[in-house]
Amino acid sequence: MSHHEGGPGDEYYLDPKDVLAQYSVEWVSLRKSYSELNAQLDQVKAELSDLDSKLEKGEITEGEHIQEYREKWRVSTQMVQVKREVEGRLYEIQKEIRTANRQLKQLEEEKHRRERLEQEKSNAMIEWMSLKQGFELVEQKRREITAEMDRIEVQRRKGTISEEDYRSQRVEQIGQLAQLITVESDVKRRLAELLEIIRK
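Everything in the sequence shown is counted per our numbering, starting at 4 for the first residue and increasing by one.
A hint or two may mislead.
[Unchecked claim] Result set (DSSO-like, lysine-lysine): computed pairs, CA atoms no more than 30 angstroms apart in a straight line:
#1 Lys144 / Lys161
#2 Lys48 / Lys35
#3 Lys20 / Lys135
Hints are computed from structural coordinates only; laboratory data are not their basis.
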C-alpha cells in the first residue's frame with residue numbers, strides 16, 4: 004500500500020501535495036547520487052582499461068595488474084550494488100509521485116465538480132424563487148378569471164347581461180384560462196426540475 008492511499012479520515016493519510024513535496028527533495032538528492040555513481044563507474048572502467056594497457060606495454064607486472072584489478076573490481080562491485088539500490092528507490096518514488104499526481108488530479112476534478120454543482124444549485128434556487136412568484140401570480144389570475152366567469156354566469160341567469168355579451172366574454176375568458184393553464188403546467192414542470200437540482 005502506498006503512503007497516501009485512503010482518505011482524510013485514514014490515520015495514515017497524507018495529502019498528495021505533501022507527498023509530492025516530501026518526495027521531490029529525496030528525488031533530487033537520489034538523482035544527483037545516481038549521476039555521480041555513473042560517473043564514478045565510468046572512471047573505474049577507464050582505470051581498468053588503463054591497467055590492461057599498462058600490462059600489455061610491460062609497464063606493470065602480472066601480479067601488480069591482478070592486485071590493482073581486484074581492488075578496482077571490488078570498488079566497482081560495491082558501486083553497482085549501491086546504484087541498484089538507488090535505482091530501486093527512484094522507481095518507488097516515481098510510482099509514489101505518479102500516484103500523488105493522479106490523486107491531485109482527481110481531487111481537483113472533484114473540487115471543480117462540487118463548485119459547478121453548487122453554482123448550479125445557486126442558479127436553480129434563484130430561478131425557482133422567481134418562477135414561484137410567477138406561478139403564484141398565474142394562480143391568482145386564474146382565480147380572478149374563474150370568479151369573473153362565475154359573475155357573468157350569475158348575470159346571465161338574472162338577465163342583466165345580453166346573450167351576445169355573455170358569449171363574447173365567455174369565449175375571451177376561456178381563451179385566457181386555456182393560456183394560463185398551459186403556462187401554469189410549464190411552470191410546474193420547471194419548478195419540479197429546479198427542485199431536483201437544488202436537492203442534489
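**OP:** Would you pick out the hints that fail for this structure and give their numbers low to high?
**Re:** 3
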